[in-house]
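Enquirer: Take these sequences, add in the hints, and give me the full structure.
There are 2 protein chains.
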Amino acid sequence: MSVTDQLIANSERYAASFDAGDLPLPPARGVAVLACMDARLNVYGLLGLREGDAHVIRNAGGVVTAGERRSLAISQRLLGTREIILIHHTDCGMLTFTDDGFKNDIYQEVGVKPDWSAEAFQDLEADVRQSIRRIQADPFIPHKDSVRGFVYDVTTGGLSEVKPETA
Amino acid sequence: MSVTDQLIANSERYAASFDAGDLPLPPARGVAVLACMDARLNVYGLLGLREGDAHVIRNAGGVVTAGERRSLAISQRLLGTREIILIHHTDCGMLTFTDDGFKNDIYQEVGVKPDWSAEAFQDLEADVRQSIRRIQADPFIPHKDSVRGFVYDVTTGGLSEVKPETA
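Top to bottom, those sequences are chains U and Y. Reminder that position 101 of the first sequence reads as 100 in numbering that gives the first Met the number 0, one-by-one numbering, no gaps. Reminder that position 116 of the second sequence reads as 115 in numbering that gives the first Met the number 0, one-by-one numbering, no gaps.
Quick caveat, the hints were computed from the structure, so don't treat them as lab data. Since the structure is predicted, the reported quantities are computational estimates derived from the model, not experimental observations. Check before you lean on any hint, since a few could be wrong.
Now the stretches of chain Y that chain U is said to cover, found in silico as 3 or more residues with beta-carbon under 8 Å [said to hold, decoys possible]:
1. 52-66
2. 108-122
3. 127-136
4. 153-160
The C-beta atom is built at its ideal place from N, Cα and C for all residues, glycine as well.
Expert: Written as structure tokens, this is what we have:
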């Protein structure tokens with residue numbers, strides 16, 4: 000039995016006790032969360048989110064690239080969110096390699112170099128500020144009054160805010 | 000008090016009862032989940048995931064673009080995941096507009112047309128199959144033996160598998 004099969008079996012238990020079947024499409028709390036994909040970062044648990052509360056966007060590093068700007072534009076323009084929460088975390092895999100090294104390793108193995116930036120970074124707080132600035136610089140995301148960034152500590156479960164003005 | 004402040008207050012309660020501070024960086028279950036950002040789709044609850052189990056990648060629609068191929072390559076190559084689970088869902092916002100319409104609306108308002116595809120789709124199951132095919136066609140994601148796609152029903156909480164061979 001694959002892990003996928005085991006998780007699908009879990010989903011049958013979720014459906015059996017499901018009672019949130021009448022929620023509207025727009026997020027009730029009007030928030031979009033953009034976080035790293037890291038397995039230890041349980042966004043619903045951490046922020047106390049319930050089904051229907053917030054958009055959750057996640058990728059390797061919690062970085063802001065074209066795809067995240069697309070998702071945030073859809074979130075705000077079509078589904079009414081107004082606040083953005085960015086979450087990076089300690090012990091992140093993105094701190095363990097460089098774009099050049101990772102892409103050259105792939106090139107050596109595959110014979111083709113990836114056509115994307117790996118978005119590795121060397122400093123957690125600096126990358127949170129970079130992500131905030133990428134959102135602030137984007138012309139297609141209309142609501143930027145509340146764009147706040149945090150670092151999640153995987154050893155304590157705590158969030159620390161990163162202040163952009165100290166960049 | 001902003002919604003962000005309320006969610007940060009929630010995170011303090013999470014940290015106060017946190018007991019998962021010694022988990023390793025690689026996901027314990029060896030799975031990456033790629034799902035829509037929809038607020039009603041609680042990936043941890045649905046699949047019975049606990050902190051440390053799986054990478055969770057999310058965006059508007061749960062689509063596969065360059066950023067998701069980047070995240071999946073990092074997930075498999077650097078952090079050892081081997082299975083991929085794709086989740087779209089019923090009543091998805093991506094079914095309610097077209098790329099041309101959305102981008103033209105932005106152009107009319109901002110004076111600049113977005114430099115990204117909005118990735119709207121008209122058929123949920125067809126787009127799950129399209130996402131599977133984009134992964135299968137990618138040269139940088141090494142492990143493709145278990146790439147399975149599902150539609151989550153927001154009214155029942157249930158998952159239905161989409162079989163790629165019926166495309």
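Enquirer: Determine for every hint whether it applies to the structure shown.
Expert: We went through each hint and held it up to the structure:
1. Restraint check on the region 52-66 of chain Y versus chain U: 11 residues with Cβ-Cβ distances below 8 Å, three needed, restraint holds.
2. A stretch counts as covered by a chain when three or more of its residues have a beta carbon under 8 Å from one of that chain; for the region 108-122 of chain Y and chain U the count is 8, and the coverage holds.
3. Chain U is given as covering the region 127-136 of chain Y, and this is violated because 0 residues of the stretch bring a CB closer than 8 Å to a CB of that chain, at least three being needed.
4. Counting residues of the region 153-160 of chain Y whose C-beta lies closer than 8 Å to any C-beta of chain U gives 7; at least three are required, and the coverage claim holds.
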